[in-house]
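Participant: These are the residues of each chain, in order.
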Amino acid sequence: MDWLFFGEISLAGLAMGGLYSLIALGFVIIYKATRVINFAIGEIMMFAAYLFLAFAGGMELSPWIALPMAVIGGSILGGVIEKTMIRPMLGESPISVVMVTIGIASILVGLVEFIWTADPQLLPSFLPREPVFIGPLYLAPKIAYGFLIGAALLILYLLYFRFSRGGVALRATASDQAAAYSMGINVRRVFNMAWVFGSLAASLAGVLVAATGGLSPQFGIIGLSVLVVVIVGGLDSILGALIAGVFIGWLETVAGAYLGGEYRMPATFLVLAVILVIRPYGLFGTHEIERV
Amino acid sequence: MEALLEIDNIEVVYNKSVQVLRGLSLRVPEGAIVALLGSNGAGKSTTLKSVSGLLTLEDGEVTAGEVRFRGKDVKGTAPEKLVRNGLFHVMEGRRVFEDLTVEENLIAATYALTGNKPSLSDSYETVYNYFPRLKDRRKQLAGYLSGGEQQMLALGRALIAQPKLIMLDEPSLGLAPLLVEEIFTIVSRINREQGTAILLVEQNAAVSLAIASYGYIMENGKIVIDGPADKLTANEDVREFYLGVGGKEGEARSYRDIKHYKRRKRWLS
Amino acid sequence: MFRNVLKKGRRLAGLGSLVAALTVAAPTMAQDKEPIVFGGSIPLSGVFAFAGIHIHAGLTDYTDWINSEGGINGHPVKYVMEDTAYEVDRSVAAFKKISGSESPATYYGDSTGFMKSIASELNSQGNTLMSGASFATALTDNEQYPYQFIPGPNYTQMFGIILEYIASQGEGGDMPTVAFVYSDTEFGKDPIENGKDRAAELGIEVVEDIVTKPGSVDVSAEVLKLRRVRPDYVVFHGYVLSPINEFMVQMRQMGLDTQFMGTFWSSDKLIIDKMGADADGYMGVMPYNYYDSEESGPMLDALRAQAEKSDPEAGYRPTGYMQGWFNAMVWTEVVKRTLDAGKELTGDNMAEALASIEDWDTGGIIGIPVTVRDMSFPVGRIWRVNAEEGRYEPVSDWIHLD
Amino acid sequence: MSVLDISNLSLSFGGVKALQDVSFRVPEGTVTTIIGPNGAGKTSLFNCISGFYKPQQGTISYEGQVLSSGIKPPRRAALGLARTFQNIALFRGMTVLDNIKLGAHVHMKSGLLSALAYFGPARREEMVVRKDVEQRIIDFLEIDHIRRQPVASLSYGLQKRVELARALAMQPKVLMLDEPVAGMNREEKEDMARFILDIREEWGITVLMVEHDMGMVMDISDHIVVLNFGQVITEGLPSDVQKNPEVIKAYLGNSDIDSLRKKLNPEGEAA
Amino acid sequence: MRIGDAKQSYEADEAIWTTPTQKMWFGLFLLILLVFPFMADSYLLYLGCLVGIAVISTTGLNILTGFTGLISLGQAGFMGVGAYTVAWLSVNTGLPFPITLVLAGLMAAAVGILVGLPSLRVKGLYLAIATLAASVFLHFIFAEWESVTGGMGGLSLEPAHLFGWSFQSDFMMYFIIVPLAVLMVLAAANVFRTRIGRAFIAIRDRDISAEILGIDLLRYKLMSFALSSFYAGVAGGLFAYFYRVVTPESFPLSMSIFYLAAVIVGGMGNILGGILGAAFMTLVPEALKLLTAALTPFYPNAPVFMSPMLEIIFGALIVGFLIFEPHGLAEIWHRIRRFFRLWPFQN
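Sequence lines, in order, name chains H, S, V, W and D. For the record, in the first sequence the residue sitting at position 284 is 775 according to this note's numbering, with numbers rising by one throughout. For the record, in the second sequence the residue sitting at position 3 is 236 according to this note's numbering, with numbers rising by one throughout. For the record, in the third sequence the residue sitting at position 349 is 618 according to this note's numbering, with numbers rising by one throughout. For the record, in the fourth sequence the residue sitting at position 3 is 180 according to this note's numbering, with numbers rising by one throughout. For the record, in the fifth sequence the residue sitting at position 324 is 391 according to this note's numbering, with numbers rising by one throughout.
If we strip away everything but chain H, and leave its shape as in the complex, we get (with noise of 0.2 Å):
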């Protein structure tokens, strides 16, 4: 066995999981406090980096003051999409809910093609392009700088969930909503925040990843694969979230390095299973006892 190949691989595969994970943080977070499981994460993730694909290739900003305007228009989406569409929907069946996100999806599909036409596009290119190695190892220069990005945020993310006020406010939301309504906590608001920090979390991953991968309006299919990482490390667990969205962007790529493309789905879908079987509600996710 080759171990150096494996370890650039792995390697390569980590550094994409960092991404997986933020993007999976930011579904947590509106599962956690609102409780909706969002199937429309992948396509606020392409509305952004379209909103991207705008402000750096269209009106020529600096690719630096473009990433700050798409991320918080993607989060901004978030809020609207809460408010406007999410929010009625409160007391519905979860089904019911999670449908709403799928017609959501399509309507940010047809809007992007609207605006943007369904041509393919390719972001300009704003992160170093050096090779970087990190001992012997090669490690692609998008994927590296992509990786640090989002793990700022990430760090950022859990800092401030663990030590603000407003994190506070969103973890004792997540962990009893009557009783935050008791609390004096606007609950309402902290369901809008959780979106709107969900869809920026999601929003900057997709700038990262639709930087090294390019974009396309079918660019939210990415959204499988969160799913798949949400779920083996349980819907509500940031935990969960960061360790299984590594886990499964390195099960992917090696899946896809040894066994082949078309094996990449398949091997995570896989994991999902056994974890499904074995642990039904994920890794670190909390079962809920239903009282008789």
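Incorrect hints may appear among the rest.
To be verified - Not close to chain H: a few residues of chain D, all C-beta gaps over 10 Å, as computed: (1) Q89; (2) F93; (3) F365.
Stated by the list, open to error - Label pairs and their computed distance ranges (CB to CB): (4) S:K455 / H:S584: 31 to 37 Å; (5) S:K455 / W:P204: 34 to 40 Å; (6) H:S584 / S:R303: 36 to 42 Å; (7) V:Y585 / H:S553: 24 to 30 Å; (8) W:D321 / D:E392: 29 to 35 Å.
These aren't lab readings, by the way, just hints derived from the structure by calculation. Yeah, the Cβ is synthetic: ideal placement off N, Cα and C, and Gly gets one too.
Chain H is fixed; fit chains S, V, W and D onto it per the hints.
Facilitator: For chains S, V, W and D alone, kept in the frame of chain H given last:
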């Protein structure tokens, strides 16, 4: 004295079909402890929820009557606004945020303070002063606290909010008698030292009436007996209510007799 | 983004006035003759929309042009299409709808899957000739698909042309090595087996073959794989843009001097537009002249003039446009030959007319006269990106396979 | 003769002891009631009997047979243990009639194929059940006027009655009722009490219930078991239980309120 | 008191059509279905067949998701199993279509049972993801098991045949698809008149109390999966005969979503809803295409800018339905009927 909280003839319906309160009225004067007693399913918790606005979360609705807090009608006010206005509801089962630490639980309660923020570290000290045990455990996850400590934390969160009125739902639930006494002693102290009025919902009549000045007993969504605490204690009806003993001649038929009466009626009709 | 919208808005307005003109002109041309109908299942949305939109433009412009030339033997041409989103069932629906109401003589199919599933219907109706976006090898089987043809070389033949070019670059016993990179789709897998056989015949070693999903995927692992085997050539097939760009950029960052090549749908100018300088040196196989090539000819000039007329602001027209135009051109030729022979426009008669095409001068669309073989036009040329000029330049002569 | 025999039952959830060493018997043909303050473990006990919770220790015998934890809830239902729930557990998407017919599920046999075709065995069996449900239960519980209504539209009292009807359709030997009259008004309670007594007397079904309404409990129970903090404090006839000081303390707390008041409020009167 | 209570027998009371008027309408409906193919052009026929297939599959999914409460994102996968079964049998054995369709249903049911196995432990959206995983595996098998499935190129098959008849045209296929759809919908309605259907609904509404009533959860959940996938399998088999080519790309995830949307838009747990939802979801894109066609004379570019609009409208329809009419088309239908029943002349 003008009452801090006045509930006037309210009716509450869940899911648009199940009526739980049927014309209930009660008053909590400023600075007083009032006990609301009654058996399971009588509608005690519903009464509190209809005041604090948490009813809507369970698809319940106040269909008639009025709720006034500090002289203002508060029906339909968002729960978080009520809290900021000085009305704190400690829900049944304590409902601490289990995956937050003790301190974070207290931080969460500071959301009740928006608008008037005194020095927060002072208010934490106040809480730890009443509940020294919480101070030792303030970095611990609330989920790992014992039942009694969780109840203390629930009360501590209420203290942070510096409310005019605390509505306490079944603080004795599932606690051993000694612990119940400890908690009630502190409740009484809070009332005295902070001047906070307390509406206490309980099944445990003795401890409640021991600290309350006034009591209501409810059944089937209505108040059946009320009066000053010491009078209620002496009242035979209270015993009857809780234990089904006695009952004055002619007032209540036995359920066994009713059976035959109804049966006859049915054959006749 | 906003510029794009604006641009599109203007384009729409322009077309609106153009149509007003056309509807006036059409009746005078139509006179008494029945129109010839070109039908089409066109992927204006979905994964293939980027090409579908230009195919649609090519077909529309050709129709306008031929009508302005007086139609086919005096018959006006009518182009009727429907969007399919590149989904087989919707394509079938469109076909049934259009063939039910318009009886098209010829029809554009948007995918291999559609063209296969419609074959039995087409064969039983027997009055429509079909070609389309697919260059699938299977469709050259005349037994099964008697009324379907390919408007260029099929994918296997494209691989043949590419491999022949690669072999021609080898000197003496020193044959270059090659890696195939293709998408995990029916389209992507089509020529791979045949391609390997052909490479073996030519003595070229296929050192690696890599399958990926098409579109936006991370390919760093695959790039690392190629880094191990260091192929002299990498041939892409079954992609439009991504992840070709990523392979090229990353492999160059690693210091490899691999030559990259691609088949028809992977050889659009899109690659230059999006990749910029990174696209330099990329090669593609293309049966038609590019819109901006230096070649000329009466038909190519007509095409440019018509494109200019229909949308003066669009500038360059992608290969999908050329492909759409060429399809319609072949249809016209076939219909004309059939009518000239005094025959009815049946599938059999048109297929026969198609098969009779020999040394046909395409007026500059294809640089040499072409002959139909097994319902395809096995011709092509290797082009190479000159990033500075922003276009493809020919690096080989036209290759006509026999 | 006891139909249910609970012995030394213990149950705990992660350190919290819900039941400790609980033992008692349910005599056949009686109305036996379990009472106790909130959180005393009454519903946990029901859940052990119907097989949802697996007690860590102790046994439950039913008609002399030990119900091991391998006997799952559906099997227990088939053996004749029927039950209603504290928070009504009707199927909200169905009519009253369908809810009740569901009770007869365990006694029906028709398979999927005959259900798809409907003609033949499935229909015959449905008709038999329909007739039985109509004549035996709907009539008895006086709910014929609502049989076609979806249960979600019914009042609380009627929903409880439908739940009872459904349990009866199971043809049980022991009927377990979890708070059958909670939340009802006096009239509804009277109706329910009458049904419970008739079920025992006319149908010979043993009733085991959990209830808080002491008036009704004392009137209609033959045997009372008192639980507090997961333990049996006492059991016996209603009249005996009422007088038991332990029970009084469990319900009223320390009856010497004056001393309690001093203890809780050492520094004087409440404001 | 309702008229329904005045029935002569319980049997009459339990019938699907309880009044002569209802029977008449149903008869009329059947008559229309019978006459339709003789009046319709090939496009309408095509749509008729498409709606028929969609009705079967939607009804199947409705059994699982609407009535039993088990969300499935694997419907397209199950249809694929049915389609490949038919295709394989047709290529390798040449059996007549009634046999191949039944086998397609059974094969899909078997796969359905396998996929349903986690349903005892996994609930709600986790289960939905488990079924999604299943459809990913199925797609993988379709694409890679070349000796059986023909790989990415798929399988082409001969027209359905029976007693020497070949069902090549849509006209002929209509007479297989539509009667089958009617039969299968009626069969599904029958199931919900019996204990099995009630058990499904009980599991959906409250699985714990269903258990107390003696309903073996695993058994009935698997039964629901089997029945639902049987319907999907038959629908897939018809799909295969209809298009006569089956490829892995014929059954994408978007198809599963399409059927789930059909169930929801129609009305979950409502047989009529399944029919309405299937028809609506199939016909709305067509109607929008008519709009495109109407615009094209004025804007030749209409097809280009209308196609993204279609996606936007599709999404907006789903979102709008769920927000404003969560009980779906069936509820709207009932409201219309109530309105007419309460017309001035009736009381």
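Participant: All hints are to be evaluated individually against the structure, with a verdict given for each.
Facilitator: So, going through the hints one by one against the coordinates:
Annotated as non-interface, Q89 of chain D keeps its C-beta farther than 10 Å from every C-beta of chain H; the closest such distance is 30 Å. Taking the minimum C-beta to C-beta distance to chain H, about 31 Å, the non-interface status of F93 of chain D holds against the 10 Å cut. At roughly 19 Å from the closest C-beta of chain H, the C-beta of F365 of chain D stays outside 10 Å, upholding its exclusion from the interface. A hinted range of 31 to 37 Å holds for the C-beta pair K455 of chain S and S584 of chain H, which are about 35 Å apart.
About 36 Å separates the C-beta atoms of K455 of chain S and P204 of chain W, a value consistent with the hinted range of 34 to 40 Å. In this structure, S584 of chain H and R303 of chain S meet the distance hint of 36 to 42 Å, their C-beta atoms being roughly 39 Å apart. In this structure the supplied range 24 to 30 Å holds for Y585 of chain V paired with S553 of chain H, their Cβ-Cβ distance being about 28 Å. Hint check: D321 of chain W to E392 of chain D, Cβ distance near 34 Å, so the stated range 29 to 35 Å holds.
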